[in-house]
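Residues per chain are reported as follows:
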Amino acid sequence: MSHTFQQKAFKSGDRTAAPEPESPQPDFIKVRDFSFYYDSTVQVLFDLNLDVPKQKVTAFIGPSGCGKSTLLRSINRMNDLIDGIRHEGDITIDGHSIFDPHLEVISLRKRIGMVFQKSNPFPKSIYENIVYSLRVAGRSKRSELDEVVERSLRGAALWDEVKDRLKESAFGLSGGQMQRLCIARAIANRPEILLMDEPCSALDPIATGKIEDLIHELKKEYTIVIVTHNMQQAARVSDRTAFFYLGKLIEYNETEDIFMNPKNPQTEAYVSGRFG
Amino acid sequence: MKAKTAFGKNIKPAGEVWVWVTGVGLAMGLFMILFLLGVIVWNGLNYFWPKRVAQIELAEDGRTEFRGERELFGVVTMRRSLTVENLSPDDADLVDLAREDPDYMREMMVYTGNRDVFATQNFAFLIMGDIERITHPEELMVLERTEWGNAIARPLELRLGTGEVISAGDPGFGDTLRRKVNEVRDRRSAIQRIERREMGRINARINREDLEIRYLRSLDERTPVQEAELERRLATVESLREELRPLELRSQALREQQREHSIAFQLVGGIERVQPLGDIVNFYLPNQMNLIQRAGWFFFKIWEFLTDYPREANTEGGIFPALFGTFVMTLLMSLAVTPFGVLAAVYLREYAKQGPLVSAVRISINNLAGVPSIVFGVFGLGFFIHEVGAVIDQVFYPRMVAINTPVFGTGGILWASLTLALMTVPVVIVATEEALAAVSRGVREGSLACGASKWQTIQRLVLPASSPGILTGLILAMARGAGEVAPLLLVGVMALAPSLPIDGMFPFIHLDRKFMHLGFHIYIVALQSPDTEATKPLVFASTLVLIMLVVVLNLGAIMIRNHLRKKLMSSAF
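In order, the protein sequences belong to chains R and Z.
Just so you know, the first sequence maps onto residues 2 to 277 in our numbering.
Just so you know, the second sequence maps onto residues 141 to 713 in our numbering.
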């Protein structure tokens, strides 16, 4: 990667260009000794160490309240919105700390797309939903926007369904379409990382299948981190899986190993459905 | 009846009786509101309906007489029973008479008009037992005049300028009179155009020059430059006066023409009057009108009421300046209150760190909404007029300050609007805060995750999404502001303003001008006019217009809100 997070001014032209071919860096996101507190007394993450490889799908699994979403939301510093939080340790992306005081959180988020558990289309047209991240970055060249809309919607396998009603409200879409629209919106700015927080939990099996197919497609271009409750889903879509329990990372390995050959008895109990 | 249920005993739902109590509460509230509206609408509209004119003959031996006569013309406005307690000692025998004929304990109120002849009294009170006969002769006429109110009379003849006389019995009388009255009316508006617009424009310039001259003359010593300026301005005034002269002559000539024709009519007791047509605004023959003609006249009068200037110290004519003043003031208030309130709410809800201080501020804002409105008027007077206005005058109009004619340092529509904006800002803040809070966290997070800053999120998503809620706040603010009178008394409302706040004279919008307001107009007409009984219908009509104005403003805002809501929910923006 040519640019770093120290660059405060994010150059808009960079991200729409095709990614340069480069040797895959196995450890793209590194979590080091990371602990997280909601306030000074409530600790939810304990000394996590975790490396997320580039252009792979990494799944975070674990029972509710185990802190997997908190970790995910730490990666694009979404937790900043909450008063009284505190963390220890560090998370780096491409070798640069995301907590660097010189780093603008906006430029960090421009490089990380996020898809939420509940689809959250903006009260705008489908078109304006997609180009939102470009508009807030001050890019409004019509031809560029049109191109981004088509590319993102094709990327999210939604183009054929909505190409004739781009100017209509996003609220007219079905639940699955809305979630794919949110994915299209998340990839519109060509982020490097795509964070997905239980993206299918509110969807029916058919819509879920479509999104899982989409994840397979997307990992060719993006580093994906997905939080899921659904172990089958983790098994289907991810390359690596991390199992969390009570804020601790219990086991982190190739997905196959986690499900077929778990080393930790707790992991085994969870993936075989005996608790959680 | 005791029914046995499947459970073996009669089940009486506990507390169901309270449904009825709550229902009665609502019904009483509704009844009071509908009664109030009904009274206003009925009385307000009644003012415009052309009523028949009665010729009332009184019994020769009765105690009641009208100016020594036993006959009068008038519109019956009310019948009511007399009570024994209210009778004067002289009338004590009425109680006995009423045993024979209950009409002796009833009284009739008759609008007689003709204030110029019958002193200033517009009404006669007649004891109904003394009335012998009431007829409605077709030829009776109501003449609306520029002065002294209406004349109710029997027309005799039309005297044309050519010396021709058309008697009321002639078949062409009505048509000729109509034509001549229209002619006179057109000429009257021509005179007004010349005097108000053309001469008004020049007069306004003369006034401005005069003020400057007054200032220059007030100086103890003048520099040569000032001396030259004085000379120049005096010359300007002279030349402007020259410009006025031909206009004056023209209006003079037109006024002469107004006296060309005249109408003779007869009042009770054979009193005959001759009045130049120039004094007649309109006339009608209510006893000849059929229902359709009455309805036509009714709508015509409503239109006239809304678009005309008041006459005779607000007791006759229309209410246009008051309506316009209220409208402009409410609009200015909305323009001021919306950005102010929305920005404050955005800071409070989105940026301020929620804590005891913010809570205290919020409580204070809520309490501000309950402060008596006159307090805001005092603040407007003390702060806007005496502080801000005085500073503006000192900076921009130092000469006006020197000769003691403040421009912004006195009441005006700007200060009135700002005072009301201040009074209504809590409503907008509270409504906006609620609307902002209702925007989902998901949308905000989604926006931030797209790399938007907080301000971008607010500007592009949160504010548009809360615009219907903001408009609701504005609607409430307008509803409160449009009808408020007390604070206006201190900051620039007038019973009779010489000019409108917006007109064709540069710079078109005159924020420093005093203005008329419907609420104040109602007060003035109801309590400060010479004959409050005569202006009562006018009060109801003005009240109706005020209510309608508030309704129209609110409907406008509601329509905008629904449009936004629809746009927000279904289509794109």
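Fair warning: there could be bad hints in the mix.
[As the list claims (entries may be wrong)] Cross-link-like lysine-lysine pairs, in silico, BS3-like; alpha carbons within 27 Å at most:
| id | chain 1 | residue 1 | chain 2 | residue 2 |
| --- | --- | --- | --- | --- |
| 1 | R | K164 | R | K264 |
| 2 | Z | K191 | Z | K594 |
| 3 | R | K119 | R | K264 |
| 4 | R | K164 | Z | K706 |
| 5 | R | K119 | Z | K706 |
| 6 | Z | K676 | Z | K594 |
| 7 | R | K142 | R | K211 |
| 8 | Z | K441 | Z | K707 |
| 9 | R | K164 | R | K31 |
| 10 | R | K264 | R | K57 |
| 11 | R | K164 | R | K55 |
| 12 | Z | K441 | Z | K594 |
| 13 | R | K31 | R | K168 |
| 14 | R | K119 | R | K164 |
| 15 | R | K142 | R | K119 |
| 16 | R | K249 | R | K57 |
| 17 | Z | K441 | R | K168 |
| 18 | R | K31 | R | K264 |
| 19 | R | K119 | Z | K707 |
| 20 | R | K168 | Z | K707 |
| 21 | R | K168 | Z | K676 |
| 22 | R | K142 | Z | K676 |
| 23 | Z | K594 | R | K164 |
| 24 | R | K249 | R | K142 |
| 25 | R | K221 | R | K119 |
| 26 | R | K249 | R | K55 |
| 27 | R | K164 | R | K220 |
| 28 | R | K119 | Z | K594 |
| 29 | Z | K594 | R | K142 |
| 30 | R | K57 | R | K168 |
[What the hints assert, rightly or not] Cβ-to-Cβ under 7 Å is the rule here; a few derived chain R residues that face chain Z:
| id | residue |
| --- | --- |
| 31 | F100 |
| 32 | P102 |
| 33 | L104 |
| 34 | I107 |
| 35 | R110 |
| 36 | K111 |
| 37 | Y133 |
| 38 | S134 |
It should be emphasised that the hints constitute simulated quantities derived from the structure, not laboratory data.
Small disclaimer: the values here were computed from a predicted structure and weren't measured.
Quick reminder that beta carbons are idealized off the backbone N, C-alpha and C, glycines included.
Against the structure, the hints come out as follows:
1. R:K164 / R:K264: violated, 48 Å
2. Z:K191 / Z:K594: violated, 66 Å
3. R:K119 / R:K264: violated, 34 Å
4. R:K164 / Z:K706: Measuring from Cα to Cα gives roughly 23 Å; hence the hint holds.
5. R:K119 / Z:K706: Between R:K119 and Z:K706 the Cα gap is close to 23 Å, so the pair holds against 27 Å.
6. Z:K676 / Z:K594: Violated - the C-alpha atoms of Z:K594 and Z:K676 are around 58 Å apart, more than 27 Å.
7. R:K142 / R:K211: violated, 32 Å
8. Z:K441 / Z:K707: violated, 41 Å
9. R:K164 / R:K31: violated, 39 Å
10. R:K264 / R:K57: holds, 22 Å
11. R:K164 / R:K55: violated, 32 Å
12. Z:K441 / Z:K594: violated, 57 Å
13. R:K31 / R:K168: Measuring from Cα to Cα gives roughly 41 Å; hence the hint is violated.
14. R:K119 / R:K164: Holds - the C-alpha atoms of R:K164 and R:K119 are around 23 Å apart, at most 27 Å.
15. R:K142 / R:K119: The hint is violated at about 31 Å.
16. R:K249 / R:K57: Given pair R:K249, R:K57 holds - Cα atoms ~22 Å apart, limit 27 Å.
17. Z:K441 / R:K168: Since the Cα atoms of Z:K441 and R:K168 sit roughly 50 Å apart, the hinted pair is violated (cutoff 27 Å).
18. R:K31 / R:K264: Holds: R:K31 and R:K264 sit about 22 Å apart, inside 27 Å.
19. R:K119 / Z:K707: holds, 23 Å
20. R:K168 / Z:K707: holds, 12 Å
21. R:K168 / Z:K676: violated, 58 Å
22. R:K142 / Z:K676: violated, 66 Å
23. Z:K594 / R:K164: With Cα atoms ~31 Å apart, Z:K594 and R:K164 exceed 27 Å; violated.
24. R:K249 / R:K142: Roughly 47 Å between the alpha carbons, so the hint for R:K249 and R:K142 is violated.
25. R:K221 / R:K119: holds, 25 Å
26. R:K249 / R:K55: holds, 23 Å
27. R:K164 / R:K220: holds, 24 Å
28. R:K119 / Z:K594: Between R:K119 and Z:K594 the Cα gap is close to 21 Å, so the pair holds against 27 Å.
29. Z:K594 / R:K142: Given pair Z:K594, R:K142 holds - Cα atoms ~23 Å apart, limit 27 Å.
30. R:K57 / R:K168: violated, 34 Å
31. F100: Violated - the Cβ of R:F100 stays beyond 7 Å from chain Z, reaching only about 17 Å at its closest.
32. P102: Hint violated; R:P102 Cβ to chain Z Cβ min 18 Å, cut 7 Å.
33. L104: violated, 13 Å
34. I107: holds, 5 Å
35. R110: Since the shortest Cβ distance to chain Z is 5 Å, the answer is holds.
36. K111: holds, 4 Å
37. Y133: Holds - the Cβ of R:Y133 comes within 7 Å of chain Z, reaching about 5 Å at its closest.
38. S134: The hint holds - R:S134 has a Cβ within 7 Å of chain Z, the shortest such distance being about 4 Å.
Checked against the numbered hints given earlier, this structure breaks hints 1, 2, 3, 6, 7, 8, 9, 11, 12, 13, 15, 17, 21, 22, 23, 24, 30, 31, 32 and 33; the rest are met.
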